[in-house]
Amino acid sequence: MSNLKHAFNLTLFLFAVWLLLSGHYTPLMLVLGAASTLLVVFLAIRVAIIDREIQPVLLKPSVLFYWFWLAWEIIKSNLDVTRRILSPGLPISPKIFTVRAGQKTELGRVTYANSITLVPGTVTMDIDEDIFTVHALTQAAAADLERGEMNRRVCSVENVF
Amino acid sequence: MEEHLINNVLLGLLMMTGFAIVRMRSLLAVTMLTSIYSLLSASLFVVLDAVDVALTEAAIGAGISTILMLATVALTTDEEKAPRHKPLLPLFVVVATGAALIYGTLDMPHYGDPMAPIHLHVAPTYLHVTPEEIGVPNVVTSVLASFRGYDTLGEVTVIFTAGAGVLALLGYRTRRRNSQNPEIRKMVVLRVITKLFFPLILLFALYVQFHGDYGPGGGFQAGVIFATGFILYALAYGLGNVQRIIPYRTLRIMMVAGVLIYIGVGIESMLLGGKFLEYRILADDPVTGQHLGIMLIELGVGITVAAVILIIYYGFVSRQHQEPPEDT
Amino acid sequence: MGAAVHILSWICLLGGACFLLVGAIGVLRLPDFYTRLHAVSVSDTMGAGLVLAGLMLQGGLSMVTVKLVLIFYFMIFTGPTATHALAEAALQAKLKPVVDDREP
Amino acid sequence: MYIVVSIVILIAIAAGLLRAFLGPTLYDRVLAVNMVGTLTVLIVAVLGFMTERPEFLDIALVYVLISFVSTIAVLRVYAHRNTEAAGGTTGPGDK
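Residue numbers (numbering that gives the first Met the number 0), protein chains in the order written: chain E, 0 to 160; chain G, 0 to 327; chain L, 0 to 103; chain X, 0 to 94.
Just so you know, the hints here were simulated from the structure itself, not pulled from any lab data.
It should be emphasised that the depicted structure is a prediction, and the values quoted were computed from it without experimental measurement.
Wrong hints could be hidden among the right ones.
Unchecked claim - Which residues of chain L face chain G? A partial, calculated answer using Cβ under 7 Å:
| no. | residue |
| --- | --- |
| 1 | S61 |
| 2 | T64 |
| 3 | F76 |
| 4 | A84 |
Claimed, not checked - Here are the simulated distance ranges between beta carbons:
| no. | chain 1 | residue 1 | chain 2 | residue 2 | range |
| --- | --- | --- | --- | --- | --- |
| 5 | E | A15 | G | I252 | 38 to 44 Å |
| 6 | E | A142 | G | H84 | 40 to 46 Å |
| 7 | L | K95 | E | R146 | 27 to 33 Å |
| 8 | L | V68 | E | N8 | 55 to 61 Å |
| 9 | G | T287 | X | E51 | 45 to 51 Å |
| 10 | L | R28 | G | V94 | 47 to 53 Å |
| 11 | E | R82 | G | M14 | 45 to 51 Å |
| 12 | L | R28 | E | T97 | 23 to 29 Å |
| 13 | E | W66 | G | G153 | 46 to 52 Å |
| 14 | G | V94 | E | I95 | 48 to 54 Å |
| 15 | E | F64 | G | T124 | 25 to 31 Å |
| 16 | E | N8 | X | M0 | 39 to 45 Å |
| 17 | X | E51 | G | G11 | 21 to 27 Å |
Stated by the list, open to error - Here are the simulated lysine-lysine pairs, DSS-like style, with alpha carbons at most 30 Å apart:
| no. | chain 1 | residue 1 | chain 2 | residue 2 |
| --- | --- | --- | --- | --- |
| 18 | L | K95 | G | K80 |
| 19 | E | K4 | E | K103 |
| 20 | E | K103 | E | K75 |
| 21 | E | K75 | L | K95 |
| 22 | G | K80 | L | K93 |
Backbone N, C-alpha and C fix where the C-beta goes; we use that ideal spot for every residue, glycine too.
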């Protein structure tokens, strides 16, 4: 039952993307768009990837709030990494360490891992269940991540998915 | 002026890449560099206003051919063999040919010269006739699918032959489901992101397919993007899982069906009393007929291209990580 | 609308260009593969983001902006995925990272 | 003004190219290709605006998807013979 709902949501989402891309709203194009959407949904069902992880969750308020927080983090660390790259002494202190991810679902963990990678200064190198190996450009960036604020925020967003 | 500057810089970068490709012995590095070469030349096509070519170069040059070259290198060796003889003679031949070619360009019209022969012969007719008779905003599509319909049919046949050739040479073997593969189970990020993107890539391919009339795009590019979607799925979930959705059988049918759709449109127009591939006969209104014909043959092209690329990919990859075939 | 948006878009575009340059310098300057990943991160996030934002401001509310948003959306998801896959592959290939053991 | 941005992107592409030449490991080269891919997306978008034909954005969209898939392909195709690909080179990355 819930699979049907997910398939329906995916159909709506894909058709919306088609309408946004297309820009030609003649009957023929709309029919082709609907046919394309249905074909893609059919293929997606065949590969059995219709589940809750495929949901377009970007627009829920708490997720949106997380994006803004992440954007701010990215800006801050960008400025930091930029300063280090440009200073003549190249003041970096690379470090490899592990963090524990508190998320329950795969999508949650992937969100956390990709958020870590998106922020310059830290890159997720390896994921073993809930243990992430992270490479940090500086000890400071590592310490920042180890404080675990991002982990907590992703955890609280995860429930919305 | 500005475009000239960018052109020249891009040409310079292309030359640097070319020299580096010649110098390198590692075939892997060469593959990476050819991918960059494709990206750069696609940017060059954009500056030259050749949008459709740029799209094709992006999809085929930077995407599919890199993947297929890698698959080839994976089946052979990573290192180019050291040449057995001094490269003096080949160098001479190349320099002489290059000099002859450059000498030849001295007589060519300047870039963008409106009086160049190429702009005086058929091009003006295409440009004038397209809006009235075909009614398609993208002239490239009307030239490709209508004015030069025979030509394109030939190209599709070439692609079909390539697919048939790969099938004949490499044969095919269907992989059992390999979702238990521990290596694949590990790549969580790739799997989740693939889940998100697989439907989007396919939808985008269909968008490119059906909007070829209005902007850059059409069957060739769409077929490649469609196949790329499945290749991404194969990379994340293993070849066996993709073959479960699109088995060889389906691909072979698709490969033939595409060409048959194309030829079928031609025959249909003959049955209706026109010439082979004379689309305007297909509907009461000639413009609608042209539209319909172009759409159908583009669809045929897209189906064949997607099927052939997947056949080639399956053929190459199913040979890897596997025991050598019985005959060795 | 008008002049203010125009100026803002140029600030974005030029700022993005600066970050792209920083990324390029970093890719050449940093000592090993793993540290270079961070430089690419800079140009992928701030560089690309600001350039696209600048173009979006130029495009206004139109089809163009929709496509730019889609490009941005794709980049946000594919960028880190590719970077992570790269780092993972290098780690599994036992490519040794430069590590600084000094305490901060 | 677009010209300034395009030139900066070209300079960055040149830097990426240099990294692809220098290596020293396969991974550095893949990184360089990936970076050049992103920059190509940007330059296509900027050039589209410069020449006032923003429909070029379709091409940029294709690039994002394609360059992602080919990066992944490189890594996956070589996953099983990684050790050779990373070893046997000398450079700052291996010290």
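Against the structure, the hints come out as follows:
The interface hint given for S61 of chain L is violated, since its Cβ lies 15 Å from the closest Cβ of chain G, which is over the 7 Å cut-off. Contact between T64 of chain L and chain G, as hinted, is not supported at the beta carbon level, the nearest pair being about 17 Å apart and thus beyond 7 Å. The interface hint given for F76 of chain L is met, as the beta carbon of that residue sits about 6 Å from the closest beta carbon of chain G, less than 7 Å. Taken as an interface hint, A84 of chain L checks out: its beta carbon lies about 6 Å from the nearest beta carbon of chain G, inside 7 Å.
Distance hint for A15 of chain E and I252 of chain G: a CB-CB separation of about 32 Å, inconsistent with the stated range 38 to 44 Å. Between A142 of chain E and H84 of chain G the C-beta distance comes to about 60 Å, which lies outside the given range of 40 to 46 Å. Distance hint check for K95 of chain L and R146 of chain E: the Cβ-Cβ separation is about 28 Å, which falls inside the suggested range of 27 to 33 Å. For V68 of chain L and N8 of chain E, the hinted distance range of 55 to 61 Å is not satisfied, since their beta carbons lie about 20 Å from each other.
The hinted range of 45 to 51 Å is not satisfied by T287 of chain G and E51 of chain X, whose Cβ atoms lie roughly 32 Å apart. Evaluation of the 47 to 53 Å hint for R28 of chain L and V94 of chain G yields a failure: the beta carbon distance comes to about 37 Å. At about 36 Å, the beta-carbon gap between R82 of chain E and M14 of chain G misses the expected band of 45 to 51 Å. Hint check: R28 of chain L to T97 of chain E, Cβ distance near 28 Å, so the stated range 23 to 29 Å holds.
The supplied range of 46 to 52 Å is met by W66 of chain E and G153 of chain G, whose beta-carbon atoms lie about 50 Å from each other. Between V94 of chain G and I95 of chain E the beta carbon distance is about 51 Å. The supplied range of 48 to 54 Å therefore holds. Roughly 59 Å separates the CB atoms of F64 of chain E and T124 of chain G, a value that falls outside the hinted 25 to 31 Å. Here the CB-CB span from N8 of chain E to M0 of chain X is close to 42 Å, well matched to the stated 39 to 45 Å.
Here the CB-CB span from E51 of chain X to G11 of chain G is close to 26 Å, well matched to the stated 21 to 27 Å. In summary, the hint linking K95 of chain L to K80 of chain G is supported, as the alpha carbons are separated by about 29 Å, within the 30 Å threshold. Taking the CA atoms of K4 of chain E and K103 of chain E, the gap is near 23 Å; set against the 30 Å cutoff, the hint holds. Taking the CA atoms of K103 of chain E and K75 of chain E, the gap is about 28 Å. The hint holds against a cut of 30 Å.
A C-alpha spacing of about 29 Å is found between K75 of chain E and K95 of chain L, which places the hinted pair at or below 30 Å, so the restraint holds. Note on K80 of chain G and K93 of chain L: the hinted pairing holds, with a Cα-Cα distance of about 27 Å set against a maximum of 30 Å.
Of the numbered hints listed earlier, those contradicted by the structure are 1, 2, 5, 6, 8, 9, 10, 11 and 15.
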